[in-house]
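Colleague: Protein chains in written order, with my numbering: chain A, 28 to 224; chain B, 574 to 770.
Hints are computed from structural coordinates only; laboratory data are not their basis. Just to be clear, a hint being listed does not mean it is correct.
[Said to hold, decoys possible] Reference listing, derived: stretches of chain A covered by chain B, where coverage requires no fewer than 3 residues with Cβ under 8 Å from a Cβ of chain B: (1) 61-70; (2) 77-88; (3) 93-102; (4) 109-118; (5) 199-206.
[As the list claims (entries may be wrong)] Each pair of labels, with its calculated beta carbon distance range: (6) G176(A) x A647(B): 42 to 50 Å; (7) A619(B) x P78(A): 38 to 46 Å; (8) G177(A) x P716(B): 37 to 45 Å; (9) D221(A) x P729(B): 52 to 60 Å; (10) G628(B) x S114(A): 18 to 26 Å; (11) G176(A) x A742(B): 53 to 61 Å.
For glycine and all other residues, C-beta sits at the position ideal for the given N, C-alpha and C.
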Amino acid sequence: MRKVVIMSCCALGVAALTLALTTRPVSAWTLCDFLTGGGWIITTASGTHAPEKANFAIGGGCKDGSPTWGHLEYIDHGTGLNVHWTSITGYFEWETIGDETDPKRMGSRLICGTARTNQFGDVDWAVLARDYGEPGNTDEFYIKLSQNGGTLYTTAYDSDHTLGASDPGGGNIQLHKPNPSTTGEFGGSCPALDAVP
Amino acid sequence: MQYRISFRWNVVSLGVLMALLGWPAPGGAQTVSGQARAIQATVPGAGTTTLADTGTLGSAIDAREASQGAGSIAALVSGEALHATTIGWPDQVASEASVADLALTIAGTTIGAGSVLTEAVARLGAAPTGTVTFDALSINGVPVGASAPNQTFYIPGGRIVVNEQIASAGRIVVNALHIVVAGVADVVIASATAGVR
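Construct the complete structure from the given sequences, taking the supplied hints into account.
Modeller: Structure follows, in structure tokens:
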């Protein structure tokens, strides 16, 4: 499964989340963990509207061996777009920084699912969320929405994705250690990840 | 038979991993408590309403979440991207709640914030900790900066406690804002509870 994840990450080179890629290798974590966070970013939705605030709430992880725990809420005030999750379909390790025994790990996770929106109907979504430590202003949030394999919306080409490190922003994203219920592996499905731009 | 062997190996692997990660042995059962909620309001005669409430953590291997795109309680309080999570481990509980674009009016006092996020963490053998992150918090239009726990502002008929922290042995309740106006309402914004002992 881990190889599949890495392949997906490589395929992403031609997809809308290209800017999110780093050259750091994916480390070999054994157990699936959790990521949680809430806050806001400034987005132009990749140049489709003037810079505006977008609020988000995100959760992802494995519970009872399944990578389907979490949620997503997202509101872009530049367009009035509302995204409300309806399922979590995948949770993937993207980048992990630090030692495997460190309970307060940092890094990035890809969370995927389906959602209901007020502008596009039902969509697939992918969120890349990064915990780069405290106080959280350098944490990052990216989102991409797709439908039938085509991209509808993405923040991937915005100039800034942080929760306030350069452009305004707020909130925090936390990567948590696994708990004993997370005996499954990272994985699942992520149709939005490979949607064409 | 094949399933039984596989199950045994998984159990053995999990045990080894738990030992490596420093989890307490299963026999050393701990008592955990955790809950998070984005908004709670109690109005005399109308009862208590909660938005995005995880409910209580069921065990040391439970993980619970709740979210809501937007929510309001009468003309009292509204917010976006409501977020609440609580995650348990045998040696730790982490709970988190956030609200974006908070707007609250109570007995003539207005409170606003771009976002608020509360984190509560309890670790076995250590004092529990609480963190509240505010963005653009204001009371009656006057900006309020980051504060030490339990900073109290008195308003006509009541009070506002900013970064309210109530700690006891191994347990902490952290409320980003707690507003009480006698006879009008008792409102808690971004509440997170974590305990382990």
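Colleague: Determine for every hint whether it applies to the structure shown.
Modeller: Cross-check of the supplied hints:
1. 61-70: holds (count 6)
2. 77-88: Three-residue rule met by the stretch 77-88 of chain A, so holds; n is 7.
3. 93-102: Check passed, 7 qualifying residues.
4. 109-118: holds (count 4)
5. 199-206: holds (count 6)
6. G176(A) x A647(B): 42 to 50 Å: For A647(B) against G176(A), whose Cβ atoms are near 44 Å apart, the range 42 to 50 Å holds.
7. A619(B) x P78(A): 38 to 46 Å: 40 Å, holds
8. G177(A) x P716(B): 37 to 45 Å: Once the Cβ atoms are compared, 44 Å apart, the range 37 to 45 Å for P716(B) and G177(A) holds.
9. D221(A) x P729(B): 52 to 60 Å: 57 Å, holds
10. G628(B) x S114(A): 18 to 26 Å: 20 Å, holds
11. G176(A) x A742(B): 53 to 61 Å: 55 Å, holds
The earlier numbered hints are all upheld by this structure, with none contradicted.
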